[in-house]
Every structure is written in structure tokens, then in C-alpha cells.
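S.K.: Once you've looked at the hints, dock chain B against the given chain A.
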Amino acid sequence: GAGVSQSPSNKVTEKGKDVELRCDPISGHTALYWYRQSLGQGLEFLIYFQGNSAPDKSGLPSDRFSAERTGGSVSTLTIQRTQQEDSAVYLCASSPPGRRGYTFGSGTRLTVV
Amino acid sequence: GENVEQHPSTLSVQEGDSAVIKCTYSDSASNYFPWYKQELGKGPQLIIDIRSNVGEKKDQRIAVTLNKTAKHFSLHITETQPEDSAVYFCAASAGGTSYGKLTFGQGTILTVHP
Numbered sequence: 001g002a003g004v005s006q007s008p009s010n011k012v013t014e015k016g017k018d019v020e021l022r023c024d025p026i027s028g029h030t031a032l033y034w035y036r037q038s039l040g041q042g043l044e045f046l047i048y049f050q051g052n053s054a055p056d057k058s059g060l061p062s063d064r065f066s067a068e069r070t071g072g073s074v075s076t077l078t079i080q081r082t083q084q085e086d087s088a089v090y091l092c093a094s095s096p097p098g099r100r101g102y103t104f105g106s107g108t109r110l111t112v113v
Numbered sequence: 114g115e116n117v118e119q120h121p122s123t124l125s126v127q128e129g130d131s132a133v134i135k136c137t138y139s140d141s142a143s144n145y146f147p148w149y150k151q152e153l154g155k156g157p158q159l160i161i162d163i164r165s166n167v168g169e170k171k172d173q174r175i176a177v178t179l180n181k182t183a184k185h186f187s188l189h190i191t192e193t194q195p196e197d198s199a200v201y202f203c204a205a206s207a208g209g210t211s212y213g214k215l216t217f218g219q220g221t222i223l224t225v226h227p
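Chains as they are written, first to last, in our numbering: chain A, 1 to 113; chain B, 114 to 227.
Same shape as in the complex, but just chain A:
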């Protein structure tokens, strides 16, 4: 596609439920990143996939958060047993080989009620 595609664009879930957020990066981009943006805050790094290397999971805030990337393309961020503090915009980005500048998607706005 022309850009990074994220779905859903909005998600409202009840506290305690599991949610899955999807990211479809730009074709040919080998690196994929997940960030979280809370209201009025900066971007918080969550996880980073680079090609076939083991992902950098150092930013995941708890073991309720996990992510996978299948076939070097689509990625899914899963949040188990959601809490109200998980409410935020989850942003996905990708970058091509040898480049450090990201292209971000429009994000998924997650609201936990």
C-alpha cells in the first residue's frame, strides 16, 4: 500500500478484555515499530522488529503486552486483560532497509471503559 495501515482506527473495550491491534507496513519496509501516545504526551517506545532478528521488546510495559510479526510483514499488538491506563493511541511505523526515518500510520485509539 501507499502508507502504513492500522486497524481498527478506534476501539472501545471493557476493562479485563483482550484486544488485538493490527499494523500493515509499507511493502518492502523491513523494520516495524510500535509506540504508544497517551493524551497530551510524547511517544513511548514499545517494541521494534528488524528483519529476521529477535525483536527489541524493551519498551513493553508489562507481560500483558505482546506483539508478533508474521512473514516479515503484518504485525499484531495484543493487550491482555486491558486496564484503564492502557487507554492511548497506539502508533505503528515502518522504515526501509538502511533508513532510520519512520513512516507512521494514523494510529489506533484504544479506550478502556
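Hints were generated in silico from the structure; no laboratory data involved.
It is possible that some hints are incorrect.
Said to hold, decoys possible - Among the chain B residues that face chain A by a calculated CB cut under 7 Å, a handful are:
#1 Lys135
#2 Tyr145
#3 Pro147
#4 Lys150
#5 Gly156
#6 Pro157
#7 Leu159
#8 Asp162
#9 Thr191
#10 Gly209
#11 Gly213
#12 Phe217
#13 Gly220
None of the values given here were measured: they were computed from a predicted structure.
Beta carbons: idealized from backbone N, C-alpha and C, even for Gly.
M.R.: Using the frame of chain A, we list chain B on its own:
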């Protein structure tokens, strides 16, 4: 780990004036410094970046300067226009195992008044 501080948090200017946003970083190993612009309801968009072997970079009305000794870098927007109104984020990244990972500042809300 890396820590990036960004100032000011809000900036209001008149159309045609210049705007300057400043960031400092803590990790002397950082060597890549991008700036992103985020409009309401959209993801951040890369507008300019600079690497540590360069002191200044310009792209039309936008310029970025880097002072490695002082560990700070700045975004300069000249001849501001209302469409420049957005949230601007600076970021920093080191090489090695942190190659792709960015640490972002808290953002600056820029408002350009017609």
C-alpha cells in the same frame, strides 16, 4: 537510557514570524536526530532529520541545527504560515543495538495566528 527534553511545550507566533523549538539529549552515543510534525488525528510525519556528522541542515523554510558538545539540537521554521500549526516532536537515536529505536521529546504545540 536516552532522555530527550523539549522546550517550549507551547509556542504561539504571528504569521510570517520565525519559530524555534529546542531539544536536549542525554546519551552522547546518539547520532540521529529527526523532527516530526503531527496534525490532529494523524500520525507523526517526518519533516527533517540530521546526523551527528552534520551541524546544520536546511529544507526550504525549515532548518535544524545540532551542537554535539552541548548535546542539544533545534528546529527553526521561518516565515511561518497557519498550516504550520501542529505538534512538533524531536527525537534521538543511538547506533548499535538501538539503531532503529527513537526516544521522543514531549512535544511542542505550535500555533500560527493569521
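S.K.: So, for every hint listed, does it hold in this structure?
M.R.: These are the hints, each one checked on the structure:
{"no.": "1", "hint": "Lys135", "verdict": "15 Å, violated"}
{"no.": "2", "hint": "Tyr145", "verdict": "5 Å, holds"}
{"no.": "3", "hint": "Pro147", "verdict": "6 Å, holds"}
{"no.": "4", "hint": "Lys150", "verdict": "11 Å, violated"}
{"no.": "5", "hint": "Gly156", "verdict": "3 Å, holds"}
{"no.": "6", "hint": "Pro157", "verdict": "5 Å, holds"}
{"no.": "7", "hint": "Leu159", "verdict": "5 Å, holds"}
{"no.": "8", "hint": "Asp162", "verdict": "6 Å, holds"}
{"no.": "9", "hint": "Thr191", "verdict": "22 Å, violated"}
{"no.": "10", "hint": "Gly209", "verdict": "12 Å, violated"}
{"no.": "11", "hint": "Gly213", "verdict": "5 Å, holds"}
{"no.": "12", "hint": "Phe217", "verdict": "4 Å, holds"}
{"no.": "13", "hint": "Gly220", "verdict": "5 Å, holds"}
Against the hints set out earlier in the document, violations occur for numbers 1, 4, 9, 10.
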